[in-house]
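*Asks:* Chain by chain, the residues run as shown.
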Amino acid sequence: MFAYDPVLFSRMLTGLTLIVHIVYATIGVGVPVMIALAEWIGIKRNDPYYLLMARRWARGFTVTVAVGVVTGTAIGLQLNLLWPNFMRVAGQAIALPLFMETFAFFIEAIFLGIYLYTWDRFKNRYLHFWLLIPVAAGSCASAFFITTVNAFMNAPQGFDLIDGKMENIDPIFAMFNPAMPTKVGHVLVTAYVTVSFCLGAIAALAMLRGRRHVYFKKCLRLTMVCALVFSLASTLIGDLSGKYLHAYQPEKLAAAEWHFETTDKAPLIIGGMLTDDHDVRFAIKIPFALSILAGGTPGTVVMGLDDVPQDHYPPLRTTHYLFDLMVFLGMYLLLVAVWYFIADIRNRKQGVPIHKILLMGVVLGAPFSVMAIESGWIFSEIGRQPWILWGVMRTAEGATTSPHVDTMLWLFAVLYLVLTITSARILIRMFKLNPVEEEIASLGLEGGPAS
Amino acid sequence: MSYELLGMTVLWIFLFGYLIVASIDFGAGFFSYYSVLTGKRQLIHSVIERYLSPVWEVTNVFLVFFIIGLVGFFPDTAYYYGTALLIPGSLALILLAVRGSYYAFSTYGSRDSKVYMFLYGISGLLIPAALSTILAISEGGYIIEENGAIAFSFTALFGNLYPYSVIILALVSVLYISAMFLTYYAAKAEDKPALEIVRTYALSWALPTILASLLVFYAIQRHNEQHFMNMLNYAWMFVLSFVFFLIAVILVWKRTNYGFAFIAVMFQFGFAWFGYGRAHLPYLLYPYLTIYDNFTNPAMAQALVIAFIAGLCILIPSLYLLLKLFLFNASYVKGMKKQKKA
Chain A
0 MFAYDPVLFS
10 RMLTGLTLIV
20 HIVYATIGVG
30 VPVMIALAEW
40 IGIKRNDPYY
50 LLMARRWARG
60 FTVTVAVGVV
70 TGTAIGLQLN
80 LLWPNFMRVA
90 GQAIALPLFM
100 ETFAFFIEAI
110 FLGIYLYTWD
120 RFKNRYLHFW
130 LLIPVAAGSC
140 ASAFFITTVN
150 AFMNAPQGFD
160 LIDGKMENID
170 PIFAMFNPAM
180 PTKVGHVLVT
190 AYVTVSFCLG
200 AIAALAMLRG
210 RRHVYFKKCL
220 RLTMVCALVF
230 SLASTLIGDL
240 SGKYLHAYQP
250 EKLAAAEWHF
260 ETTDKAPLII
270 GGMLTDDHDV
280 RFAIKIPFAL
290 SILAGGTPGT
300 VVMGLDDVPQ
310 DHYPPLRTTH
320 YLFDLMVFLG
330 MYLLLVAVWY
340 FIADIRNRKQ
350 GVPIHKILLM
360 GVVLGAPFSV
370 MAIESGWIFS
380 EIGRQPWILW
390 GVMRTAEGAT
400 TSPHVDTMLW
410 LFAVLYLVLT
420 ITSARILIRM
430 FKLNPVEEEI
440 ASLGLEGGPA
450 S
Chain B
0 MSYELLGMTV
10 LWIFLFGYLI
20 VASIDFGAGF
30 FSYYSVLTGK
40 RQLIHSVIER
50 YLSPVWEVTN
60 VFLVFFIIGL
70 VGFFPDTAYY
80 YGTALLIPGS
90 LALILLAVRG
100 SYYAFSTYGS
110 RDSKVYMFLY
120 GISGLLIPAA
130 LSTILAISEG
140 GYIIEENGAI
150 AFSFTALFGN
160 LYPYSVIILA
170 LVSVLYISAM
180 FLTYYAAKAE
190 DKPALEIVRT
200 YALSWALPTI
210 LASLLVFYAI
220 QRHNEQHFMN
230 MLNYAWMFVL
240 SFVFFLIAVI
250 LVWKRTNYGF
260 AFIAVMFQFG
270 FAWFGYGRAH
280 LPYLLYPYLT
290 IYDNFTNPAM
300 AQALVIAFIA
310 GLCILIPSLY
320 LLLKLFLFNA
330 SYVKGMKKQK
340 KA
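Quick mapping for you: the protein sequence lines, in order, are chains A and B. Residues 0 to 450, numbered by numbering that gives the first Met the number 0, are exactly what the first sequence covers, in order. Residues 0 to 341, numbered by numbering that gives the first Met the number 0, are exactly what the second sequence covers, in order.
In case anyone wonders, no lab produced these hints; they're calculated from the structure. Check each hint, because a few of them may be wrong.
[Claimed, not checked] A few chain A positions that, by computed beta-carbon distances, are all more than 10 Å from chain B: (1) Val66; (2) Leu81; (3) Asp169; (4) Asp238; (5) Gly295; (6) Tyr312; (7) Leu333; (8) Ala342; (9) Val435.
[As the list claims (entries may be wrong)] Below, a list of computed lysine-lysine pairs in the DSS-like style, where the Cα atoms sit at most 27 Å apart: (10) B:Lys191 x A:Lys122; (11) A:Lys122 x B:Lys323; (12) B:Lys323 x B:Lys187; (13) B:Lys113 x A:Lys431; (14) B:Lys253 x B:Lys113; (15) B:Lys191 x B:Lys253.
From the three backbone atoms N, C-alpha and C, an ideal C-beta is built for every residue, glycine too.
Can you build the whole structure from these sequences, using the hints too?
*Replies:* Next up, the structure:
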């Protein structure tokens, strides 16, 4: 197909591992928070259905955690195996957050083990609940630390480059780089959105299939309220991310928006096609929107790609379409969450049933939210090509020279395929064999509070 | 103590931690599968599962911690080992992935899938084999640096006795350490039938462990004379290791003090491990890389040490809590409380 190139294959293998890992990692960051919320409400209101919800989510969580742990270990090692030259140089500056991430991971692992095996061990139910706090804090802290590493690759600072070696390193300054706040914020909040939709979709699907237990209603309400709050937050942070790009990485923003001429009153371009002469055809243009996104006013001058050397261009088409897809999916999720919120109020006050189309919309939100995460990450990563360390080191300089990366790519592709399919099958089986109604009956919970 | 030595010592301690917990874990997985084959599953399965379930995730972190720390303190290790170890490293990763996930699939998901048990039982034995070859590679002779490019020779590695001796020692030790621990755990659980089985495992793997150690001594003398001479300088550590081995085996043989026997096992491997590591210094990769080459800059070293101490302040109480709740909690160990999975 094409000649062997260790750089290309290293990129493909790293990309593949991350694409798989991100799904499980996102679940890993979001689910503990949702479990904590459900358990807390359950204890507070003395409502056994919420406690059961927490328990069922936790049960499924163990399976996703397992795949998250092993794919996370894979990417941790692959950083060294596939990018040894990058690690030799940048390892000096990013060792601290990587190290802290493993500590956060340690805490999460320890307390998750304790949490899962102490459901009925404490008389005071809050004691068990408190065990979840280090789990959720650990998973969020891991996301925080690892995202600072990625942010550093986008906005490296805190060192002097002398003869290809990093000297005078300030580890804290390197960690708290300009890209960090928006990146971390966006990663965390979108993880919560995704998990809200994935868990909400389970309840919505059950309701669509005609199951009427009040458990599903409570489940849907809890997850969709979270989805609304977090979708709003992610829209806000997304806007801030646009302003960050404008200020620090205008090339990425220009590539995402096919913005070739430096101007004010820049339009936002949606969809369309790009000719080889850099003409944009068939696109929807929203006047002034890009300037407003970048600087808050239509008068903001947005740098165009004409000011960027051609060999610093990221792949223009991929970047633009992925950016559009991410924004479109994000808007869809926000819309569904708002609609649900209104429908739920009408349901409570006037008894109007939740519409089937809305339930379908929630179900669709699960795959869409995962797609949004993937497209956002791929956009962000491809959008900083050709750099591995923005402005400092090119991707090709960081890669391994090993002649066997292609073989490893196929091996890992098979592994991930098997893991993904098996984990999905097991999750489905786990819950199909033990439907909620049966579990409620067997625990003798029927007749609990009705709403 | 210099930062270099401090960093390496800390990492070596963590790798020792991994050696112990992972051995217990891998060996237990294998015994669990073996007991299915021999029809003794009902007897020992619950003891194994009760120990493994809450801790399986923690085991992995020890390894990740070591690797991240190693590259953090010694960035050149990524350059030398990263390029050369693509294949063995990736294979170890795939095995780790299979084992980790299939353990969870088998424990939480399916009801007794024999295929899943086979996968995690067997991969548990292959992982120590794969990881121990990396230890063998650090002795030098398999990675060659020429004209600024790193090359790794599989034929050199597997055309040589030394890696085989290390692999055999790793396999045997895993089974020995694990069986010794399970003996202690079964005794604590007052589970007589399980105790009888795992005690037999422990005793039958004792002699092979010592023979494999002798084989490694013999092979390293032929492969890396200098390291062998260094090890002779620390001969007292290896002698002490052997003494603790005798104590452990005699205690188990006499059916007393299983707890102390397992502590003796830890000392046995501790002395051998630190004796070997001490003699290996200052080399990280013989003869190219020592701990003094391209050590991370002082600011980062200091930050790492501070992060490490802060981390330990949270980690040690947490680990203690984990052990207290599951390892030293009599009613949990005996399974008297009605145990509900999540």
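*Asks:* Sort out which numbered hints this structure fails and list those numbers smallest first.
*Replies:* Numbers 1, 2, 3, 10, 14 - these are the hints that the structure violates, sorted from lowest upward.
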